[in-house]
Amino acid sequence: MSSKSRRITLTVNGEAVARDVPVRLNLVDFLRHDLGFTGSHVGCEQGACGACTVVLDDQTVRGCLVLAVQADGCVVQTIEGAGNGDNGLMAELQAMFHLLNALQCGFCTPGMLLSAHELLQANPLPSREEIRDYLSGNFCRCTGYQAIVDAVAAVSRARREAPAA
Amino acid sequence: MKAPDFDYERPADLPGALDLLARHGAEASLIAGGQSLLTLLNFRLAAPELLIDIGRLAALKQLVETDRHIEIGGLLRHCDLAASPLIARALPLLHQAIGHIAHPAVRHRGTIGGSLAMADPAAELAACCLALDGQFSLLSTRGQRWVAAGDFFQGIYATALAPDEILTAVRLPKGEPGGISIFDEVARRRGDFALAGLAFAATPQAGGLKGVRLALLGVADRPILARDTMALLESGPLNQARVEQAAARIVGEVDPPEDPAYPPAYRRHLVGVLLRRTLQRVLMAFSA
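Note that the protein sequences, when read in sequence, are chains A and B. The numbering of the first sequence is the working numbering, which starts it at 1 and goes up by one. The numbering of the second sequence is the working numbering, which starts it at 1 and goes up by one.
Be a bit skeptical, because a hint or two may be false.
Coverage of chain B stretches by chain A, computed from C-beta distances (three or more under 8 Å per stretch; other residues unrestricted) [claimed, not checked]:
#1 1-11
#2 31-44
#3 102-108
#4 124-138
#5 213-224
Selected chain A positions facing chain B (Cβ under 7 Å, derived; list incomplete) [as the list claims (entries may be wrong)]:
#6 S5
#7 T60
#8 V61
Calculated Cβ distances over 10 Å to all of chain A for the following chain B residues [claimed, not checked]:
#9 P15
#10 K61
#11 P85
#12 A148
#13 P177
#14 G178
#15 D228
#16 Q245
#17 R249
#18 G252
#19 E253
#20 P264
#21 Q280
In short, the hints are calculated from the structure, not lab data. Remember, it's a predicted structure, so these values are computed and weren't measured experimentally. Using N, Cα and C, we set each Cβ at its ideal position, and we do this for glycine too.
One chain only, chain A, in its complex shape (with noise of 0.2 Å):
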């Protein structure tokens, strides 16, 4: 096999990155296997589960259906470094996840963090069935969803009874 590959310079996790890449390797390998953020799992590689889940230019993406290439000179933030400036925000999901049991395995647990960081920050005070629409692109083979969608309804509650500083 050939090794066509490009230089690229991104940023990640707040750090410049240049390095040389095969055109053909995904951005969540890229992520894992050049830059040890191994955080951001790779589940399906078809863009079905959301294990992959990395933030790009401040949105959400699946890593695995976007080539490092594509995020040459793009800004990228794994669960390693996510939560930068949120005032507080993705610590306290953190610590509700751990709390309530949202998580057994943690396969989709830095992704369901990510998207949950996501939603929250859009909208501070999502319905049940918005939180559930929300994280419908992450899949959980062991929670069931319940304290999932728990977890996040309870750091919206908490946030609007006592307002981050």
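Take the given structure of chain A and dock chain B to it, following the hints.
Same frame as chain A, but now just chain B:
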């Protein structure tokens, strides 16, 4: 799986992209948002020698309003359209449909041009464009032509696009004041491919409907118009009897393909359910 080997070019402008496509044609694939193509590559159902990345071409990201039409650049993403007040006001059918397209992370990348060029029979925007009698701009180094949605979709993943053409824009007529637009579908989970779906547009007239457009997705090898049912709905006042007549008519009008999980009879049933729900909403709007 991982994508097969291919080469990659990211032309700086539209002429550059057209030139590459003219030279490589059938051996190349355009990539925009990649939300369908990368799935096909990862499954190794597609094996282009070259990907031409048009995802950053600003010329294809315009949203233009004219007296009678909205022209949507092919590279506008589902999330761009969902956030557009212009689309919400002038093309409410599209606005409703976008919420049914996959999931937020996919809507952040997927484009209208990419979805239409892919021509999945269950695609929401394809059915909307057919319902609204949209026109697609197909551009190549040979020139530009406009093709009607009804002529564009030619089968599963098959379109009127020539190997050297790019779908650069979609032109849709603005909704009439007082017009009714309803999009609905049935999927196993939110965001899954629809088992059946319906894009409906009409204008109320004297207790009935005129200008009825009714496109179906997921029940044939391409989006289709339910022409017999459209004619029935324009033939007199809308009431409960007419709703039942129309639901029976549309069930007889579709012939879904065999599918091991979902027998044709089930999809036909769903089309009747969707139409009944849609027309009940119309009746409720009438009485409001």
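Against the structure, the hints:
1. 1-11: The restraint on the stretch 1-11 of chain B holds, since 9 of its residues have a Cβ under 8 Å from chain A and three suffice.
2. 31-44: holds (count 8)
3. 102-108: holds (count 6)
4. 124-138: As far as the stretch 124-138 of chain B goes, the hint is violated, because 0 residues have Cβ atoms under 8 Å from chain A.
5. 213-224: violated (count 0)
6. S5: With a minimum Cβ separation of about 9 Å from chain B (threshold 7 Å), the hint on S5/A is violated.
7. T60: 4 Å, holds
8. V61: Holds - the Cβ of V61/A comes within 7 Å of chain B, reaching about 5 Å at its closest.
9. P15: At about 21 Å from chain A, P15/B clears the 10 Å cut-off, so the statement holds.
10. K61: At roughly 14 Å from the nearest Cβ of chain A, K61/B sits farther out than 10 Å, so the non-interface label holds.
11. P85: 16 Å, holds
12. A148: 30 Å, holds
13. P177: 31 Å, holds
14. G178: Holds, because the least Cβ-Cβ distance between G178/B and chain A comes to about 30 Å, which exceeds 10 Å.
15. D228: 35 Å, holds
16. Q245: 34 Å, holds
17. R249: About 33 Å separates R249/B from the closest Cβ of chain A, which puts it past 10 Å; holds.
18. G252: 34 Å, holds
19. E253: Label holds. Min Cβ-Cβ 31 Å, cutoff 10 Å.
20. P264: 25 Å, holds
21. Q280: The claim stands: Q280/B keeps its Cβ more than 10 Å from every Cβ of chain A (closest is about 21 Å).
Comparing the model with each earlier hint shows violations of hints 4, 5 and 6; every other hint is respected.
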